[in-house]
Amino acid sequence: MIKLENVSKIYKGDVVALKDASLEVEKGEFVFLVGASGSGKSTFLRLVNKEESPEKGRIFVAGKDIAALSAWKVPYLRRNIGSVFQDFKLLTNKTVYENVAFALEVIGRPRHVVKTQVPAILELVGLGKKMGNFPNELSGGEQQRVSIARAFVNRPLILLADEPTGNLDPATSVGIMRLLDRINRTGTTVLMATHDRSIVDTMRRRVIELDRGAIIRDQSRGVYE
Amino acid sequence: MAIKVDYVVRETAANLTRNITLTLASVLTVVVSLTLFGSAFMLNQGVNNANDRFKGGIEFIVYLQPDASQEVIDSVGKSLRDNPDVERAEFVNKDETLVEFRRLFKDSRQLLESITADILPPSFRVAPKTQDPEVVQALGDVYRQKAGVYDVIFAFEVVKRIQETFNKIGVRFLVASGLLLLAALMLILNTIRVAMFARRREIEVMKLVGATNWFIRVPFIVEGIIQTLIGAGVAVLAMTFVIRPFIDELSQDKVLPIFQGFVVTDANLVFTNLLVVGVAVLIGAVGSAVAVSRFLDV
Numbered sequence: 051m052i053k054l055e056n057v058s059k060i061y062k063g064d065v066v067a068l069k070d071a072s073l074e075v076e077k078g079e080f081v082f083l084v085g086a087s088g089s090g091k092s093t094f095l096r097l098v099n100k101e102e103s104p105e106k107g108r109i110f111v112a113g114k115d116i117a118a119l120s121a122w123k124v125p126y127l128r129r130n131i132g133s134v135f136q137d138f139k140l141l142t143n144k145t146v147y148e149n150v151a152f153a154l155e156v157i158g159r160p161r162h163v164v165k166t167q168v169p170a171i172l173e174l175v176g177l178g179k180k181m182g183n184f185p186n187e188l189s190g191g192e193q194q195r196v197s198i199a200r201a202f203v204n205r206p207l208i209l210l211a212d213e214p215t216g217n218l219d220p221a222t223s224v225g226i227m228r229l230l231d232r233i234n235r236t237g238t239t240v241l242m243a244t245h246d247r248s249i250v251d252t253m254r255r256r257v258i259e260l261d262r263g264a265i266i267r268d269q270s271r272g273v274y275e
Numbered sequence: 038m039a040i041k042v043d044y045v046v047r048e049t050a051a052n053l054t055r056n057i058t059l060t061l062a063s064v065l066t067v068v069v070s071l072t073l074f075g076s077a078f079m080l081n082q083g084v085n086n087a088n089d090r091f092k093g094g095i096e097f098i099v100y101l102q103p104d105a106s107q108e109v110i111d112s113v114g115k116s117l118r119d120n121p122d123v124e125r126a127e128f129v130n131k132d133e134t135l136v137e138f139r140r141l142f143k144d145s146r147q148l149l150e151s152i153t154a155d156i157l158p159p160s161f162r163v164a165p166k167t168q169d170p171e172v173v174q175a176l177g178d179v180y181r182q183k184a185g186v187y188d189v190i191f192a193f194e195v196v197k198r199i200q201e202t203f204n205k206i207g208v209r210f211l212v213a214s215g216l217l218l219l220a221a222l223m224l225i226l227n228t229i230r231v232a233m234f235a236r237r238r239e240i241e242v243m244k245l246v247g248a249t250n251w252f253i254r255v256p257f258i259v260e261g262i263i264q265t266l267i268g269a270g271v272a273v274l275a276m277t278f279v280i281r282p283f284i285d286e287l288s289q290d291k292v293l294p295i296f297q298g299f300v301v302t303d304a305n306l307v308f309t310n311l312l313v314v315g316v317a318v319l320i321g322a323v324g325s326a327v328a329v330s331r332f333l334d335v
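Chains A and B are the protein sequences, given in the same order. Numbering-wise (my numbering), the first sequence opens with residue 51 and increments by one. Numbering-wise (my numbering), the second sequence opens with residue 38 and increments by one.
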């Protein structure tokens, strides 16, 4: 599903974010990216949905070389990739329903699809009764559920999660992880960057550890360190 | 993928009202610049229309001395009629000149009271056979030398003067409107930039979920064009109901005879208005397109 071949990413000022990284992620896998801040986890995720382009190497997503992807095709790549962030990135002036519906509307989905898909996905993430609330009326965990609903409503092949539990307490984090696990079991490939030791150790999934841009460990059913 | 009309309408309406003061500033600048531009254009057409009446046959007028005797008048008249280059020469006596003078200056009572037929020059209005300005000039110059002739006035001199005067006005109007159009362009660019900044979170999410670049851009470009179109609408109203009646009034003003024959036809007005709307769309599209391509990193 995702393949990196000798990928290097260097930011301005010779900051090496990723150094000659090669790996392959199969369809339906759940992968943790661990490592200290600045080790290249976020860059890894940003390369996959082409928010960044590598200086060297090739990246394949669903069999396509995305380095060769022209700018106007990038949106279509991103329709197959859902993204979840530590800070949720919800629109505060829109309700829960509108936030999720927005993601479908702006990619031109017909109204009847929006009307059926949005309540269904909100029911799935456990927010069926809060569709009319605004994000600031929800707890952090609930807001993250909305953002997961928005990322998943289009049934993407891949879900990228950049420290999705970074702002949440341990109990709430467990709930979010259950949700991601459920999404993973529908066949969606999940890539999650995290600092949360207990989550990684409990879930026992594939762990890729990065250190100053280099992959130093790739372990199936791994632990945090 | 088709961009939904109701989406664009909703987004554009929200953008326009969000920054109402900035929107108003752009719209007003567009109004003033386009009105100036349209006025300059309409004046130019008025000049062309005014000069049209001289094209019927270039004339010159031989003015005689006010105290010229009947013999002198007859001699100049005979010379004109016998000249093979002259098609026709029409004598205008002192009394007829006074009538015309009274008509031209009917609003200046003091001037009229001080003028009597005695001090006005009789004249011959001459239609030459050829319309070549150089030949007409040479022909007129011959009569300027004749005894009893006060002066020779060429129609094309008048035409030239009107044209020069209005070219000067027109150029200044065009420069001013050009500068204001530039200001309007930059204001639109900045309005769109502010609108994009206000919606940066939405734009970020749209990019993330895979909205196409044009889907993100179109509402902003439509916003720019709508601003200039509103401005153009007001400018069109101003030109139709203020500027054109003003020009009509000037053309009937006998104190400013230079404006006589100054007519702006309905066709001129419609053409000018269409041009103004065209320029408006261009300014709006260019301003917002530049803003979108420079400040919308998609």
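One or more hints might be untrue.
Claimed, not checked - Quick list of in silico lysine-lysine cross-link-like pairs, DSS-like style, CA-CA up to 25 Å: (1) K53(A) to K165(A); (2) K144(A) to K41(B); (3) K115(B) to K166(B); (4) K166(B) to K165(A); (5) K41(B) to K123(A); (6) K77(A) to K114(A); (7) K77(A) to K144(A); (8) K165(A) to K179(A); (9) K100(A) to K77(A).
What the hints assert, rightly or not - Quick list of the computed label-pair ranges, beta carbon to beta carbon: (10) K144(A) to V300(B): 22 to 32 Å; (11) E241(B) to F184(A): 12 to 22 Å; (12) D43(B) to Q269(A): 46 to 56 Å; (13) I266(A) to A50(B): 14 to 24 Å; (14) L65(B) to G237(A): 22 to 32 Å; (15) N56(A) to A50(B): 22 to 32 Å; (16) A322(B) to S248(A): 18 to 28 Å; (17) I60(A) to A50(B): 43 to 53 Å; (18) F184(A) to R237(B): 18 to 28 Å; (19) F184(A) to V271(B): 35 to 45 Å; (20) S330(B) to L119(A): 33 to 43 Å; (21) K41(B) to I60(A): 35 to 45 Å; (22) L61(B) to E105(A): 46 to 56 Å; (23) G215(B) to E187(A): 47 to 57 Å.
No lab work stands behind these hints: they were computed from the structure. For glycine and all other residues, C-beta sits at the position ideal for the given N, C-alpha and C.
Q: Check the following: the C-beta atoms of F184(A) and R237(B) are separated by a distance inside 18 to 28 Å.
A: About 19 Å separates the Cβ atoms of F184(A) and R237(B), which means 18 to 28 Å holds.
Q. Falls inside 43 to 53 Å, the C-beta gap from I60(A) to A50(B)?
A. The hint (43 to 53 Å, Cβ to Cβ) holds, given that I60(A) and A50(B) are roughly 45 Å apart.
(Q) What's the verdict on K100(A) and K77(A), does the C-alpha distance respect the 25 Å limit or exceed it? (A) With a Cα-Cα distance of about 19 Å, the restraint between K100(A) and K77(A) holds, given a limit of 25 Å.
**Q.** Assessment of proposed distance window 22 to 32 Å (beta carbons of L65(B), G237(A))
**A.** Given range 22 to 32 Å: violated, Cβ gap about 58 Å.
Q) Measuring from beta carbon to beta carbon, are F184(A) and V271(B) in 35 to 45 Å? A) holds (39 Å)
Q: Take the C-alpha atoms of K53(A) and K165(A), compute the straight-line distance between them, and say whether it is at most 25 Å.
A: violated (36 Å)
Q: Could you tell me whether the CB distance from A322(B) to S248(A) stays inside 18 to 28 Å?
A: Violated - the Cβ-Cβ distance for A322(B) and S248(A), about 56 Å, lies outside 18 to 28 Å.
Q. Does the alpha-carbon distance linking K41(B) and K123(A) stay inside the 25 Å limit?
A. Holds, at roughly 20 Å.
Q. Per the hint of 47 to 57 Å, is the separation of the Cβ atoms of G215(B) and E187(A) within bounds?
A. Roughly 53 Å apart at Cβ, these two residues keep to the hinted range, so it holds.
Q | Given hint K179(A) paired with K165(A) - CA-CA distance at most 25 Å | A | holds (16 Å)
**Q.** Consistency of beta-carbon spacing, I60(A) to K41(B), with hint 35 to 45 Å
**A.** Holds - the Cβ-Cβ distance for K41(B) and I60(A), about 41 Å, lies within 35 to 45 Å.
Q: Check the following: the C-beta atoms of D43(B) and Q269(A) are separated by a distance inside 46 to 56 Å.
A: The hinted range 46 to 56 Å holds for D43(B) and Q269(A), with Cβ atoms some 51 Å apart.
The structure fails to meet hints 1, 4, 7, 10, 13, 14, 15, 16, 20 from the earlier list, while all remaining hints are met.
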